[in-house]
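A.B. asks: Each chain is listed here by its residues.
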Amino acid sequence: MKILVCISNVPDTTTKITFTSNNTEFNTAGVQYILNPYDEIALSRAIELCEGGKGTVTVINVGEASTEPTIRKALAIGADDAVRINAAPRDAYFVAYQIAEYAKEQGFDMILAGRESIDHNGAQVPAMIAEFLDIPSISVIKKLDFDGSTATINREIEGGKEVVEVSAPFVASCAEGVAEWKIPNMRGIMSARTKPLQVIEAKNIDQLSAVEVYETPAPRSAVKMVDAADMTGLVNLLHTEAKVI
Amino acid sequence: MSVLVYVENVQGQFKKSAFEVVSYAKAIADQLNTNLVALSIGQTTNDELSNLGKYGASKVLNAGSLNAFDSQAYASVIAEASQKEGAEVVVMANSFSGKGLSPRVAVKLKAGLVAGAVELPQIAGGKFSVKKSAYSGKAFAQVSLSSAVKVIALNANAYQVKDGGSAASVADFQAANAVSKVKVKEVVRATDKISLPEAELVVSAGRGMKGPENWNLVENLADALGAATACSKPVSDAGWRPHEEHVGQTGIAVSPNLYIAIGISGAIQHLAGVSSSKTIVVINKDPEAPFFKVADYGIVGDAMEVLPKLTEAVKAYKGQS
Ligand SMILES: Cc1cc2nc3c(=O)[nH]c(=O)nc-3n(C[C@H](O)[C@H](O)[C@H](O)COP(=O)(O)OP(=O)(O)OC[C@H]3O[C@@H](n4cnc5c(N)ncnc54)[C@H](O)[C@@H]3O)c2cc1C
Chain A
2 MKILVCISNV PDTTTKITFT SNNTEFNTAG VQYILNPYDE IALSRAIELC EGGKGTVTVI
62 NVGEASTEPT IRKALAIGAD DAVRINAAPR DAYFVAYQIA EYAKEQGFDM ILAGRESIDH
122 NGAQVPAMIA EFLDIPSISV IKKLDFDGST ATINREIEGG KEVVEVSAPF VASCAEGVAE
182 WKIPNMRGIM SARTKPLQVI EAKNIDQLSA VEVYETPAPR SAVKMVDAAD MTGLVNLLHT
242 EAKVI
Chain B
5 MSVLVYVENV QGQFKKSAFE VVSYAKAIAD QLNTNLVALS IGQTTNDELS NLGKYGASKV
65 LNAGSLNAFD SQAYASVIAE ASQKEGAEVV VMANSFSGKG LSPRVAVKLK AGLVAGAVEL
125 PQIAGGKFSV KKSAYSGKAF AQVSLSSAVK VIALNANAYQ VKDGGSAASV ADFQAANAVS
185 KVKVKEVVRA TDKISLPEAE LVVSAGRGMK GPENWNLVEN LADALGAATA CSKPVSDAGW
245 RPHEEHVGQT GIAVSPNLYI AIGISGAIQH LAGVSSSKTI VVINKDPEAP FFKVADYGIV
305 GDAMEVLPKL TEAVKAYKGQ S
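If you read the sequences in order, they're chains A and B.
Each residue of the first sequence is one higher than the last, beginning at 2 in our numbering.
Each residue of the second sequence is one higher than the last, beginning at 5 in our numbering.
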């Protein structure tokens, strides 16, 4: 079995988000980068499925050389090898195209990714890859089993869940429940240094979208404290002032 | 030229989030001086379909024969309808299924995509840009699209439903090449529960509730309000509540009209997913809890005592109105 896991390099979840150059660029000063938490779930499940010599896990990232510590982290967690498409990601269309171009000749049984990246929250890349490859995709999955040819998947739907079956090859985007986050051990960290990391140049494709400007949410007005004994007062405020009930 | 909106039904019925996307798409059609065509996939009724006219659709296409959801098959129906109708903008919900669909439709149509839109597009001087949430609710990005066709997936609760139109005509739509490769084995719907991403009112609780045995207090308040329930990450990690309820940066992002946070400290990862809520009420026994800094209303007190009182007050209010 061959699994490809798409990983992205994102600001740590505690990052205070600010911008520079007239709010056109994300301010990277002092920002720690991590492996996107959802991608880590996908990676953990891929490693579980391949345990005991049942297959290999390749991770792929579209990014510049600065993302290599995150790629090494994925190798330390247990991926067998890695590919980096050498380009600054322009938009999801660009990223998905690069990954699809790499994957199309490789015979992967499945391509996994996180539900979304926590920076752009586009949740676009996995389904775009599937469309480029003309294979099925299942978004926001909570459980994944694979018998070597067919996968049984729980996916989230509005107000419930659905159990679906799909034959390989397919793409799935993973949310919590698929696996627990794995913490790399010492052996993993040591071996990650020598695992293969292939760097490939990006292919050309039109750019269809671009961020013009960022903004941060307007600050909230000061909190109004309500006495814990006066819940009727709170309900009144919610009705007459906030007008939400 | 036209605007096409894909409208999702839940067991044959259209819900509020469907009316939100139709209203939003109608406003875009007005901006572009063109008509709005709605597309429905899967079994529903003629009444449900023609009723979409009330929200601005001038025509409704019904691809009723395809049933079980498969993003690949649905995307080809949407792309085909868009091409037939000469749609310049294709709109859908950024729901769980929308997240699987909009990227596929965008690739098929070689269209730029804004997923997670929160406002109407700005269209001027040949430029087309849409505001979306980014960095897990910590920021917004204005994204410009340069392609001929544009796809927009709208966040729930981001646009007000506008009605006032009249019934629309309904036409059958047969897509040529929609083959489903995904087999749906089972559908489990919690029919008595309000869907969290779409909920207008959310009652959410954290580790301050001490244990799952106290959740009846949270549920009683949610029932009294008609609200969905949610929780912080450690609560679902501990198995006190299901993962589907976990909100925040690594859970579901919500933007209800009212978010009540009970016994939640207000960690940055939690706030990321809830800070775009219109009104935030925080109940915490620690007056220094960081959540109070982003709250509209704050109550310092023990949740075990405050919750029953608040539930009673809500019931009393509902009783008289
Ligand atoms: C990578 C990463 C991602 C994360 N993603 C998320 C996420 O998506 N969502 C999320 O929620 N968290 C997330 N977290 C965890 C986050 O950092 C916090 O640990 C978590 O939100 C805290 O949950 P809590 O507020 O329920 O618990 P605590 O921080 O323990 O807070 C409990 C609160 O309850 C109050 N309290 C105690 N007893 C009472 C009482 N009787 N009455 C009233 N109040 C009381 C306390 O004063 C305290 O403020 C993430 C962390 C990491 C590292």
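Errors might be hidden in some of the hints.
Lysine-lysine pairs mimicking DSSO-like chemistry, simulated, CA-CA at most 30 angstroms apart [to be verified]:
id: 1; chain 1: A; residue 1: 3; chain 2: B; residue 2: 112
id: 2; chain 1: B; residue 1: 20; chain 2: A; residue 2: 183
id: 3; chain 1: A; residue 1: 55; chain 2: B; residue 2: 214
id: 4; chain 1: A; residue 1: 244; chain 2: B; residue 2: 197
id: 5; chain 1: A; residue 1: 144; chain 2: B; residue 2: 214
id: 6; chain 1: A; residue 1: 143; chain 2: B; residue 2: 214
id: 7; chain 1: A; residue 1: 244; chain 2: B; residue 2: 322
id: 8; chain 1: B; residue 1: 297; chain 2: A; residue 2: 17
No lab work stands behind these hints, which were simulated from the structure alone.
Keep in mind the model is a prediction, meaning the values are calculated, not measured.
A.B. asks: A separate judgement is required for each hint: does it hold in the structure or not?
C.D. replies: Do the hints match the structure? See the list:
A distance of roughly 27 angstroms separates the Cα atoms of residue 3 of chain A and residue 112 of chain B; the hinted pair therefore holds under the 30 angstroms criterion. Distance restraint check for residue 20 of chain B and residue 183 of chain A: the Cα-Cα separation of roughly 40 angstroms exceeds the 30 angstroms cut-off, and the hinted pair is therefore not satisfied. Between the alpha carbons of residue 55 of chain A and residue 214 of chain B the distance comes to roughly 42 angstroms, so the proposed pair goes past 30 angstroms and is violated. With a CA separation close to 24 angstroms, the supplied pair residue 244 of chain A and residue 197 of chain B stays within the 30 angstroms bound.
Pair hint residue 144 of chain A plus residue 214 of chain B holds up; C-alpha atoms about 28 angstroms apart against a cutoff of 30 angstroms. Using a Cα cut-off of 30 angstroms, the hinted pair residue 143 of chain A and residue 214 of chain B holds, with the two alpha carbons roughly 26 angstroms apart. Proximity of residue 244 of chain A to residue 322 of chain B is assessed by CA-CA distance (about 14 angstroms); at most 30 angstroms being required, the pair is judged to hold. The hinted pair formed by residue 297 of chain B and residue 17 of chain A meets the criterion: a straight-line CA distance of about 15 angstroms does not exceed 30 angstroms.
Hints 2, 3, counting from the list given before, are not met by this structure.
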